[in-house]
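**Q** Chains A and B supply the protein sequences, listed in that same order. Everything in the first sequence is counted per UniProt numbering, starting at 1 for the first residue and increasing by one. Everything in the second sequence is counted per UniProt numbering, starting at 1 for the first residue and increasing by one.
Honestly, the hints are just simulated from the structure, not real lab data. No incorrect hints appear here.
Same chains, same label: a pair holds when it works inside one copy or across any pair of copies.
Simulated pairs of lysine to any residue, SDA-like, Cα-Cα distance not exceeding 25 Å:
| no. | residue 1 | residue 2 |
| --- | --- | --- |
| 1 | Lys-58 | Gly-339 |
| 2 | Lys-58 | Glu-302 |
| 3 | Lys-93 | Asp-325 |
| 4 | Lys-58 | Tyr-366 |
| 5 | Lys-93 | Leu-354 |
| 6 | Lys-58 | Arg-306 |
| 7 | Lys-32 | Glu-358 |
| 8 | Lys-32 | Ala-370 |
| 9 | Lys-32 | Glu-134 |
Protein chains: 2
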Amino acid sequence: MAHPVSPLAPKTYPELPEVPGARFATAEAGIKYKNRTDVLLVALDPGTSVAGVFTRSKCPSAAVDWCRQNLGGGAARGLVVNSGNANAFTGSKGRESVQKTAEIAARALGCGTGEIFLASTGVIGEPLDASKFEGVLDNLAGRLVSSPWMDPAKAIMTTDTFPKVATATVEIDGVEVVISGIAKGSGMIAPDMATMLSFVFTDAAIAAPVLQSLLAEQVRPSFNSITVDSDTSTSDTLMAFATGKAAERGVAPIESVEDPRAAVFGEALGDVLYELAMLVVRDGEGATKFVTVNVEGATSDESAFRIAKSIADSPLVKTAIAGGDANWGRVVMAVGKAGEPADRDRLSIRFGDLVVAEQGERSPGYDEAATSAYMRQEDLEIGVALGLGEGRATVYTCDLTHGYIAINGDYRS
Amino acid sequence: MAHPVSPLAPKTYPELPEVPGARFATAEAGIKYKNRTDVLLVALDPGTSVAGVFTRSKCPSAAVDWCRQNLGGGAARGLVVNSGNANAFTGSKGRESVQKTAEIAARALGCGTGEIFLASTGVIGEPLDASKFEGVLDNLAGRLVSSPWMDPAKAIMTTDTFPKVATATVEIDGVEVVISGIAKGSGMIAPDMATMLSFVFTDAAIAAPVLQSLLAEQVRPSFNSITVDSDTSTSDTLMAFATGKAAERGVAPIESVEDPRAAVFGEALGDVLYELAMLVVRDGEGATKFVTVNVEGATSDESAFRIAKSIADSPLVKTAIAGGDANWGRVVMAVGKAGEPADRDRLSIRFGDLVVAEQGERSPGYDEAATSAYMRQEDLEIGVALGLGEGRATVYTCDLTHGYIAINGDYRS
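Chain A with its partners taken away, still in its complex shape (with noise of 0.2 Å):
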């Protein structure tokens, strides 16, 4: 909290109405932060279904091996999430004090460890002693509420320097259902899975494997799409929750994918996934620009992934934006580096609508004050087009400043 909010930080946030079925607590265990919540307890009831992607990590926190070993359970009673401990790279003490948590939760929620979900972000190494969590959660499950949302979002923060809520109606056999979401992130940002840390609550009624199915298609073009700094959490847990409450109100369970009601629920998740991950660029550390890099006529659409990611990664192109520089130079860089397929002499390269590069070199219409007062602006876009086939991505970032150094050199000590 002592950096300065964002600059690209939303100037409103959404009121994010309640979720039947999903009810939490938040509180301050004075796990590393002081005068601030960090502990989340979400209560979700009977008959929940749950998905979740997770870090590609090979040296995943304890608390991912947890969700994963529980997610074949297919059923979620319980989430506890802290921030200012990671619980990542602490060994067996690790994973006893996962194991010691979930008894707490499922204790103070009385149901089974298998049904409860854990989340840990902060500093990775650190022991986490579990028995803060102790008198902790017991409290927290005799004070549950539905709302406000912003309380959770709150409550998972490290060096975010704005809550991050998103949410969206669906209407499903003629009853609106609700999608809920909050996340944290803002550096250790290069989700190779999912983001640092996510959750989304809805009161649809859905069978966990197809909520697994739709939560892995809509990553893609939401947390697998963003990079703040080219680095990929141990932690990144993105994970959904349906507790069915809106059967009550006569929506039918969607039991398989080839439900068409199942598109239907999957693109608004895929809304509030594409929120919440935005928001996570928005607060990138240090970041003043918020930058689309759109990459076109690829050879396929991973070929231009990657393009787009080489160039959304490059610290170099990342500066000369900080710097309102139209250094296109540097793109033709990027691109080079990445080892797709590419023709120098076909690349074409605008910034907004302004074609800066076409045909392997300066474009004869460049306009070095136009493109210059464009820099200036706070949202930009970068586009790329190779001429080679019909391959596209897009790729979130933002720009690479002091701020960055300056929260980094330190956020340990």
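Chain A is already provided as a structure; the job is to place chain B on it using the hints.
**A** What follows is chain B alone, placed relative to chain A:
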């Protein structure tokens, strides 16, 4: 030159001996910089063999294309290098500029254009007007000298804060032959074949194919094992020129890689390349720390290299080092994101001789004070042992500081 000299700059420079058969001159052509030399002409005696390795960028500069094409001839008579303009992504204008520059140089030196090699470094995308070389190269050809080598090293600098030279002598057939090299490079350094620009000269008599083989072998542990910012240039060029003049002193030409003298020469060549590569890291944009990343116990050398590169390229690892923060959790993160085989619970990490983590958690003997004291040093080592196999690799890098942002936020303008 506006930026202060790197604190990692060497305190003294070796005086490079003359290389019989190689003479040079430099000039101020005013390509971009004012009041400094920016053009180098090296004249090589008839009989000089040549070898080169270049960027793997898919968008190489016009000069790189030119050198690749001429390399087949195996013979060199002239090298022209300019700083201030990379002549990259300049389309047909770039090709014409290269052709014209070669013609001017060939005329000045009395040789064919196929024996002229070219390199350009500086801004990408700006057309390079070859007519600037018109009078200049003739003038340079008229005042060629054999020393001091510091002059060519200075003429090829861009954002470098100090010139880079290295030398070695090696005894072949009882006669001392000389190997001397120069390099430039500071940012956009993640060579995937060579570094920005480096040229090595020797009076040894070595057939071009042998020289090429030795150069390709020695580039891996030197220029291909360094990274400043993970950005690979369009213009990376490393060339070696062997004038063969040592034959006049009784050294028989090396015609085959099986010749035992090839290995002796190769080792000395490797020493020069290694020294030059380390100087590039020490002049990394904004660098205040020199970092050696040693990875061992990987499933293969290639796997170890990719993990070491992942650590050395991580913005979060590099900012922690800048802040003197022994944040080994970020090293875990970087190992995990590399996508290579790793077992969290066998992993151990050390800073210098201080073991900070072992068997998947913080070391029982971890000493925060001692580790923090170590992190204040200028030359640091990060050691990672994976405990899986015999694969090992070393990558050299520097920290990521406010200086990098300051240098790159407005380089072009």
